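Position chain F against the provided structure of chain W, taking the given hints into account.
There are 2 protein chains.
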Amino acid sequence: MLDKLFNPDVVAVIGASRTEGKVGHAVLKNLLEGSARKIIPVNPKVTEILGLKCYADILDVPEKVDLAVIVIPAASVPLTLEKCGQAGISYVIVISAGFKEASLEGARLEREIIAIAEKYGIRMVGPNCLGIIDTSSSLNASFAASMAHAGNIAMMSQSGAICTVTLDWADRIGVGFSKFISLGNKADLAENDFLELLKTDDSTAVIAAYLEGVKDGPRFMDVAREVTRRKPVIVVKSGRTAVGSRAVSSHTGTLAGSDAAYNAAFRQSGVIRANSLEEMLDYSRAFSTYPLPHGKKVAILTNAGGLGILTADACYSTGLAITSFEDVTIAKLRERLPEAAGLYNPVDLLGDASAQLYEYALEILLDDPNVDGIIAIVSPQAMTDVPAIAQVLVDTIQKSEKPILCNLAGGTRITTGEKLLNRHGIPNYPSAERAVASMKALCDYSSIKIKEHTNSVVMAVQREVAQKIINDAIASGRRTLGLESIGLLKAYGIPVVQSRMAGSLSEAIQVCEEIGYPVVMKIISPDISHKTDVGGIKLNLRNAEDVERAYFTMMSDVKHYMPNAQITGVQVQQMITGGKEVIIGMDRDPQFGPLLMFGLGGTYVEFLKDVSFAIAPINDKEAQHMISSIKTYPLIAGVRGETPSDIKAITDTLLKVSQLVMDFPQLMEFEINPLMVMPEGKGCLAMDIRMTLRKE
Amino acid sequence: MLDKLFNPDVVAVIGASRTEGKVGHAVLKNLLEGSARKIIPVNPKVTEILGLKCYADILDVPEKVDLAVIVIPAASVPLTLEKCGQAGISYVIVISAGFKEASLEGARLEREIIAIAEKYGIRMVGPNCLGIIDTSSSLNASFAASMAHAGNIAMMSQSGAICTVTLDWADRIGVGFSKFISLGNKADLAENDFLELLKTDDSTAVIAAYLEGVKDGPRFMDVAREVTRRKPVIVVKSGRTAVGSRAVSSHTGTLAGSDAAYNAAFRQSGVIRANSLEEMLDYSRAFSTYPLPHGKKVAILTNAGGLGILTADACYSTGLAITSFEDVTIAKLRERLPEAAGLYNPVDLLGDASAQLYEYALEILLDDPNVDGIIAIVSPQAMTDVPAIAQVLVDTIQKSEKPILCNLAGGTRITTGEKLLNRHGIPNYPSAERAVASMKALCDYSSIKIKEHTNSVVMAVQREVAQKIINDAIASGRRTLGLESIGLLKAYGIPVVQSRMAGSLSEAIQVCEEIGYPVVMKIISPDISHKTDVGGIKLNLRNAEDVERAYFTMMSDVKHYMPNAQITGVQVQQMITGGKEVIIGMDRDPQFGPLLMFGLGGTYVEFLKDVSFAIAPINDKEAQHMISSIKTYPLIAGVRGETPSDIKAITDTLLKVSQLVMDFPQLMEFEINPLMVMPEGKGCLAMDIRMTLRKE
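Residue numbers (this note's numbering), protein chains in the order written: chain W, 1 to 696; chain F, 1 to 696.
The following block holds chain W by itself, in its conformation from the complex (with noise of 0.2 Å):
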């Protein structure tokens, strides 16, 4: 798959210019820098360039042309396009700028090349990007500043200022990439395509990439969870804010999810999120040279007792365990370490440790059988040999089956030591705490790596019932529904409230006989969300005494706070104690669809925010996940001896709303709130629902 725009025998440069400076000048330079492969320049002003034959037409070329490199004006790409087409080629890669990130116009022009793209077959990438490089074939399709150099890491970006940007800093420090892809506009080949094809590919180890959105959001996750499976993949998602949404829409016209969604759905499909690029660039970097270790037990080893702590303060803020060594380990230590010395976690080898030290040292730490993982740190004090320190860990890493990641501290006096360990492609972090975030990234995927994949349950329901209710309320023109809908609940198993309408006081009365006392009693409007605000929810009513005096306050009362709005009736409920209000809510995100939340019900959900989401649908595993990761989830576990709430009640309620919500896309919004959850073995019920059909 995309075999020949990696390693295409013939490339053509459609706009392949004389002049230095010039983008279709870099591109052919940079062509022609590769292996040697048939390159071929196309512009009709002139007949040559770089001593190769140049052609005014790409229908003009004798050979098949595997890959077309375009770089014209935006406006002229349409009909170079179609002519590529008509030459058969199958691999065009469009650096031209002017598309939809620039203009309507240019989105128009986009729209067409699209087109023209799938009548060919012709798979495209770009426009609006640098192209692409691919060090194993020595393939440089694009008009970067020099080659990357040969290594392990694969990188895309939909940014071509950030390429360049990684390009750069990789080339001071000499890391290596395998391929580096500029995913520009994305019309047609992106992200997924990407990700499918390095799966597979034998050269790359480790995934970075810098995406402003996803282009399907369902097949990313599809595929990130495969190629996870094999291999890390740690993406860079901006605009995770209102302001920062704001700039990519007017940057690339990618519509930018919300970031819930996005954290769910790179959780879920194990993606490790970065915060920054350079979070991106160290989590590669670790990946790219260690193994995983096989848990997080990190020990830490210094020359300087506070940088120690430091370094323990990282590891404990980030969740990594500061391991407890064995007697034997402590005992060896002991041996040869000088009096003085830290031989407890952090090892602390004293200012004077010399090379021999610190190999002795490592040897001891990696044999115990409680180290996952080491943090090794040097200073440059008085006596310190750092480039020796630095041999020793080179060798000690080549060969060691578990991670050390290293912090040489200082600047002037480090900077041989850090070339040493660079020349090796191990990364030197400059700060303990840049170096135990990277360990923590390699713990996470290995939990990730080992994680089963559970397929999710398909539970017996009623769709056909719950179908009829939906197009009943469409048929209605009704978009914003509430109690009266619940039976869609009910066709999906769902346990819901004992409750009716009533549409006067006298048959409000007669109902909550029928359902027998106490009762709560709701408003029913389609104009109010949010009925607590205006009076329109009484509880505890005892008798129909209470019943009536509830009913004549509570019309006062909206009519007071809402006088425009349509009150269709009130809705009377059995009067549930004894449970725990919980939330289970649904959000269609742009993105990735249906996005749940779930969370402790009440004023608290609202300021705390402590709610947790994934994307539907969902196993049992992601929904006990969502249960147990929200912060109060100790108060429905069950607190100091309290019997837990019905969590198995909660898992089956969200496992049967994200099947719903699956099976109808017309549900925009959907929530149950409260769901009230009574204690292990006596389930839940949910107490009010509220959900918006899509606009037809």
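Careful: at least some of the hints might be erroneous.
The list treats identical chains as interchangeable, and a pair is accepted whether it falls inside one copy or across any two copies.
Here are the simulated BS3-like cross-link-like pairs (lysine-lysine), alpha carbons at most 25 Å apart as the crow flies [said to hold, decoys possible]:
(1) Lys199 - Lys22
(2) Lys83 - Lys538
(3) Lys83 - Lys682
(4) Lys490 - Lys100
(5) Lys531 - Lys119
(6) Lys399 - Lys297
(7) Lys609 - Lys531
(8) Lys682 - Lys231
(9) Lys297 - Lys531
(10) Lys83 - Lys100
(11) Lys100 - Lys215
(12) Lys4 - Lys631
(13) Lys399 - Lys648
(14) Lys531 - Lys45
(15) Lys399 - Lys231
(16) Lys631 - Lys656
(17) Lys580 - Lys531
(18) Lys402 - Lys297
(19) Lys538 - Lys580
(20) Lys402 - Lys648
(21) Lys580 - Lys631
(22) Lys199 - Lys45
(23) Lys609 - Lys580
(24) Lys695 - Lys621
(25) Lys609 - Lys631
(26) Lys468 - Lys53
Since the hints were made in silico from the structure, they are not lab data. Given the structure is predicted, the values throughout are model-derived calculations rather than measurements.
Below, chain F alone, put in the same frame as chain W:
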């Protein structure tokens, strides 16, 4: 103060050595490389070192010595220090290690030298330190590998290795210092003394420190409060995770950990806490270079859209405002920027932006009153002249009254530009995130500096009454007190719930009749801290029959859960409804003393850790800050038109508790839990208290 320590006329090096590589040699050499001052080696084994006459004994030196640097084995230090005293030397730096950091014998030696220094009035730096450097007096009384560059950052560190690392880092990028102080074991002179000195040191604009603890918490706060009004103080405090050996039984103690007191103390005294050395140095360089911004409205200027979005994300995450420009700004930008450029924030000059365009945009942005500061990003695109843009940045920064923080992003191709910035004392932040964090630090200090300092209010209290209650408790040998000592609150004017003790059921019923139903009944036992856990609280008892049933159930439950608990009776209280439960606590921190805690009551405090801390004594501003800084504040401030709780009453109670715990240092732990807060204007009521007295 300490003048002759940092600018001595005559310095003796006791333990000076001829052997290169020895600390006693390095110190002497470093001293000689400084200003022309008299340097006198002391060593009984030689008569001349580096061309200087060497004395056998400090008492043989004919001149009046201002400063003695001691570099001899620890065991010999006491005798030598004694001689320094006899010679009338005022300042001593003990570089030698082997004191309390090393062994019990070392700790004894350290106590000995403290006593000697006190006897002679010698002020001492160290022991176990690297020494000190003063670039304005050109003094290098340390064994650092090289002299620090001159600059306006004063740095002190409790770790010698971190001094070395910082100097070496600074050497590579050319960062300068005014004073550099290795604190060592702080046997005599400590951070407080140097803070006081640096407060009025004209060569110092910013103070950075690495601390593992403070010597005198309350004095630190007093001094820091004064210093931070004049110049910023940035501290990395390590040992976040250290778990105290002291058993903690109160909520306050459990929730606080070791770090909460430091956080509170730093915040209250205006100290900026950095989370890593990297942050400390990043912030220090920002303060060293830039004027303070007047607000937190930031403009982002970039030639790379993607980096602009990432910067906007970082601004949003840290709480900086991405400003909106005035119309005239946008109009002016439109005049010269290319059509596809981003004119709104972030301003995207596009990839081919020239130095002239940067200059133009910077000037326009600086002119906008809605811009308090700028983050300027430069990525090395194909046409980018990085050095020319760096020169524009230098020129603009040098004349600007607003901070412009730079991120030249990349590696090889930004090196020249980066060096140009550094040569002019301007930091290049290697990532947008670090530039943004430093901008945030500038903004934070800007508001710290203008913060009004108000004094504590002294409330009218009956101190003698409280004293008697405490004395009685101490006399009775009891350390843990509960509701029975509620008189303490009354003495300090804190309203308490009507409450009485009863030793038997019949007495309980009698008390209930007096208080009036409904009531709450609680077990009283010195052995039971969490009454709910053992069925020791019964609510809403409406008549004698309820009380009787509750009494028997309670006794049987308590016996069941804690068969050995000594039960002294029950507490009967009026049942209060309609209020909100909050908790006010105090735990005595070993460094800073009384650490006050505030939070919402109930189970939520425990699982959400949504509490705030402050060191007593506090004033009303501080009390209000404690209340409003918890996440659940909206729940007491009143949500959705709910009546707010009586926040004035909480403030008042916090101030009274502050005064109480200051007045009685015997109170080790103290907790009002719950304090029932009624709606605005209706006050609050302490429902239960619990306190622990100091073991005599």
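Which of the stated hints cannot be reconciled with the structure, identified by number in ascending sequence?
-> 1, 2, 3, 4, 5, 8, 9, 12, 13, 14, 20, 22, 24, 26
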